[in-house]
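Same order as they appear, the protein sequences are chains X and P.
Just so you know, our numbering puts the end of the first sequence at 523, numbered straight through with nothing missing.
Just so you know, our numbering puts the end of the second sequence at 523, numbered straight through with nothing missing.
These aren't lab readings, by the way, just hints derived from the structure by calculation.
Among the hints, erroneous ones may be present.
Pairs involving identical chains hold if they fit within one copy or between any two copies, as the list cannot separate such chains.
Said to hold, decoys possible - In silico SDA-like links for lysine to any residue, alpha-carbon gap of 20 Å or less: (1) LYS498 / ARG105; (2) LYS164 / PHE491; (3) LYS498 / GLY434.
There are 2 protein chains.
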Amino acid sequence: MAGVRNVLFVMTDQLRADYLSAYGHPALKTPNIDALAARGMRFTRAYVQSPVCGPARMSYYTGRYVTSHGATWNNIPLSVGEWTLGDYVRPLGPRVGLVGKTHMRIDRDGFSRLGLDQGSTAGRYAAECGFEPFARDDGLHPDFIYDPDASYERYLRERGYDGKNLWQDWANSGSDEDGALLSGWYMRNAREPARIPEEHSETAWTTDQAMEFIRLQGDQPWVLHVSYIKPHWPYIVSAPYHDMYGPEDCVPAIRSEAEREDAHPVFKAFMQHPESQLFAKEEVRLTVAPTYMGLIKQIDDHIGRLMQFLEAKGRLDDTLIVFTSDHGDYMGDHWLGEKELFHEQSVRVPLIVVDPSDEAQATRGTVSDTLVESIDLVPTFVEALGGQVADHRLEGRSLLGLLRRGAHAPAWREHAVSELDYSFRQARRDLGLGPSEARAYMVATDRWKYVFYERLRPQLFDLLNDPQELVDLGADLGHQPTLRDMADRLFEWSRQRKTRVTTTDADVERLSSFAGKRLIGLW
Amino acid sequence: MAGVRNVLFVMTDQLRADYLSAYGHPALKTPNIDALAARGMRFTRAYVQSPVCGPARMSYYTGRYVTSHGATWNNIPLSVGEWTLGDYVRPLGPRVGLVGKTHMRIDRDGFSRLGLDQGSTAGRYAAECGFEPFARDDGLHPDFIYDPDASYERYLRERGYDGKNLWQDWANSGSDEDGALLSGWYMRNAREPARIPEEHSETAWTTDQAMEFIRLQGDQPWVLHVSYIKPHWPYIVSAPYHDMYGPEDCVPAIRSEAEREDAHPVFKAFMQHPESQLFAKEEVRLTVAPTYMGLIKQIDDHIGRLMQFLEAKGRLDDTLIVFTSDHGDYMGDHWLGEKELFHEQSVRVPLIVVDPSDEAQATRGTVSDTLVESIDLVPTFVEALGGQVADHRLEGRSLLGLLRRGAHAPAWREHAVSELDYSFRQARRDLGLGPSEARAYMVATDRWKYVFYERLRPQLFDLLNDPQELVDLGADLGHQPTLRDMADRLFEWSRQRKTRVTTTDADVERLSSFAGKRLIGLW
Chain X
1 MAGVRNVLFV MTDQLRADYL SAYGHPALKT PNIDALAARG MRFTRAYVQS PVCGPARMSY
61 YTGRYVTSHG ATWNNIPLSV GEWTLGDYVR PLGPRVGLVG KTHMRIDRDG FSRLGLDQGS
121 TAGRYAAECG FEPFARDDGL HPDFIYDPDA SYERYLRERG YDGKNLWQDW ANSGSDEDGA
181 LLSGWYMRNA REPARIPEEH SETAWTTDQA MEFIRLQGDQ PWVLHVSYIK PHWPYIVSAP
241 YHDMYGPEDC VPAIRSEAER EDAHPVFKAF MQHPESQLFA KEEVRLTVAP TYMGLIKQID
301 DHIGRLMQFL EAKGRLDDTL IVFTSDHGDY MGDHWLGEKE LFHEQSVRVP LIVVDPSDEA
361 QATRGTVSDT LVESIDLVPT FVEALGGQVA DHRLEGRSLL GLLRRGAHAP AWREHAVSEL
421 DYSFRQARRD LGLGPSEARA YMVATDRWKY VFYERLRPQL FDLLNDPQEL VDLGADLGHQ
481 PTLRDMADRL FEWSRQRKTR VTTTDADVER LSSFAGKRLI GLW
Chain P
1 MAGVRNVLFV MTDQLRADYL SAYGHPALKT PNIDALAARG MRFTRAYVQS PVCGPARMSY
61 YTGRYVTSHG ATWNNIPLSV GEWTLGDYVR PLGPRVGLVG KTHMRIDRDG FSRLGLDQGS
121 TAGRYAAECG FEPFARDDGL HPDFIYDPDA SYERYLRERG YDGKNLWQDW ANSGSDEDGA
181 LLSGWYMRNA REPARIPEEH SETAWTTDQA MEFIRLQGDQ PWVLHVSYIK PHWPYIVSAP
241 YHDMYGPEDC VPAIRSEAER EDAHPVFKAF MQHPESQLFA KEEVRLTVAP TYMGLIKQID
301 DHIGRLMQFL EAKGRLDDTL IVFTSDHGDY MGDHWLGEKE LFHEQSVRVP LIVVDPSDEA
361 QATRGTVSDT LVESIDLVPT FVEALGGQVA DHRLEGRSLL GLLRRGAHAP AWREHAVSEL
421 DYSFRQARRD LGLGPSEARA YMVATDRWKY VFYERLRPQL FDLLNDPQEL VDLGADLGHQ
481 PTLRDMADRL FEWSRQRKTR VTTTDADVER LSSFAGKRLI GLW
């Protein structure tokens, strides 16, 4: 029989769930990812803890809600005191590697306070979110943060590419007939092929690095985070993926004129952001979406390569595989671009888990509608590798029970919660809010999606009768009882954050049994 | 003119506010503490963040609510990632010393994860809650945790005392005519004089050590935490304090028969604890209270010594002085012993702040009814020493404005919050609650005191019409609007905990002004 010795934790960036054929996209075929779903369990209601890269990833890696780990937006450093996936699984044996993106920022003040050296083993892990950075690459290297020593930059340089910013000017630009650059930063260039051949692309490189890590491990156990930077913008892709899809393959935008009238103030402010203004135009949407699909198709092909490699190495039998994303992409739905708000396009992600164990045989190819959160992965990995889940810190729940006892197991979470700190966005300034007032919380149940905004009225959607979330009931007095119930759920959630992180419940039970031995209350 | 160069942060343990003459005790005269009040500002509504030593102190030292720092009860280690008073004020110049008790427990797992060495400077500070332990002594050394190398033990040994547990058998025991020990652990022995002369008592020793620290500093600036272990039990004191007061000096117990009927389940369960059962007896109360008063009188005399010493050294002119306690003592009121619940006897503490600055001249000897919390001290110290308050971590507010602009400054806090984790107590087991369900939160406004209990109904007291808190309105349907309002305050409070601890609001403002420079949303 097969047990779990390794974990392959694949993450894409900005991949919305419904842009995979397994999740129903009519034109985009992703047979390799679909094959994972056929071998494992596919979750239809998997939510990220924040629909933004940085906080979403810190929740994936810490197994804690954003409020608990505190890295509320991109580039907010993760406090040095936060425990991560690596801290939990490394003591169980495996080498814990990273290929690709984490969006981790080091807590320099915290390091300095504790006299921690980034050169020490422990310091290195704490600086890299618990991973050994086998080949870290966070993507997005515009000139003002360009690092010539980044892994993928070095790779391109070794391949003979020349210039100041190879990532930007080769991997993420096209060129016109005269050889002039057509930058991928400009979405009008989305249909151009990138200047590099596909085998030199970031997606190919990430896959190559992943295979190299696995090869080097031989028979030694590992946990590998393969973290693709795509299909995140710049929306540009190498041939042949750049013209594999066209406007005729695009699904219609999900949006209504009514949405724009009397929109919630935050929703309205986000509609004013430049990316939303652009994606509201059909021309932009139909230029970008085919390339977004091409980027996904490319990832699917590399997932195929990676699986063939695993099979050849005999690793399919002892490797738990997760395929997911850090958040979605509005792609013009609801008149928005990018992500951050809580519509399904943004906060829902694909999640497929393949458990190689015999115990999971019965659930292969099944679909679960259970409310799942990205914080559930760390406990899943720990349990799969035979560890004890540190539930005095970890706030998710292991999926292993679902994977092994079936998708029809009773629901074990009444609601999913996601959070947003939009203090860095123009919307916050437009609304006149302070840097600590721009917070929002989603509470989603089987039927309802509620969004609580500090200082502003809530939103409410009836997912049963309005699955496209086009009608906001948040100001509807007729729904006061539901609004109150959802607020109470959020209140309860807020009181349950795990901050007693140095002592387990078992410790409490053990120590409190000595209560009678205290020398207090004697006469 | 005088500016603040030093901070003398005096804490007593288990001293309830109304056992000082400055706070109205009719029989117990505390002229030296009263003299501080005459030179500074006395706060009538100062609340601790939890009416238990450990969490209360961690809030004093971190400037954060208990939920935020996570050390929710005695002996719960403070997470190594938590910043403390020392981290904030040491960079401003002063040596930051400790004499006496902190109740700090090291976060061993956190140290190990980061490869931190307790022998390093940073490691030592992190292990000692940010202080340099000039003479640490946490008191309470029963045989099962006896440490022969503890500072005060060594002191007693050097004075020629002999035996296995000097703290217990000399400093906290009396003896009968035949020389047999009468242990202070047994309250029936409270009226016995301790076996050591007063000048060798813990209170005297603590004061001696404080003076030694200050003497050694000469003209160099310092922040010194002088943390008396008394009047905490064991209730026993050296002559002449042991018979300075008698039953005739005791104030009547504040309690009613009605309280025992239909009491809130947690209140009722605490009434069953052995210390409560004992203190409910008049004999116990009248035996213990005179000694409790003696212990306080002794502290007052040593405060006098300490002030004379400061005056002689010229330090009264440049030292900010705080006198407070970590929580109170029921002393039989409400049929309870010890502390932990949220009646004023337990959660309210004396707080006197003497600001030597000329700017504080107008407020000397005044009284403030402002709602003040113990987390306000760290920001007060930082501001007084000329630092910038790190309000992305610190949750209190500096008192300096009140101290310098007057007690009649507008109220700047609408409610005070205190928390309780009673998971270690028998009450939790009696109520059948799990180790993470035994939580309670107090919200106190000018008029109301509300206590929210997980899984159980709330309590509500009308402080205006029932200042003795004898009538619990928490189950009274007529008070639903108030109960709802108080719950909403708690909900709001719970959303405002500071967890984005690595980035300041100013950072957010600065970084978000670059939002327009992102290369997103370009066509």
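Checklist entry - From the Cα coordinates, with 20 Å as the cut-off, is the pair LYS498 and ARG105 best called within, between, both, or neither? => result between (23 Å within a copy, 19 Å between copies)
Next on the checklist: At most 20 Å between alpha carbons: which applies to LYS498 and GLY434, within, between, both or neither?
Outcome noted: Result: close only across copies, 14 Å inter versus 27 Å intra.
Checklist entry - Are the CA atoms of LYS164 and PHE491 at most 20 Å apart within a copy, between copies, both, or neither? => result Neither: 51 Å inside a copy, 52 Å across copies.
Checked against the numbered hints listed earlier, the structure breaks hint 2 alone; every other hint is satisfied.
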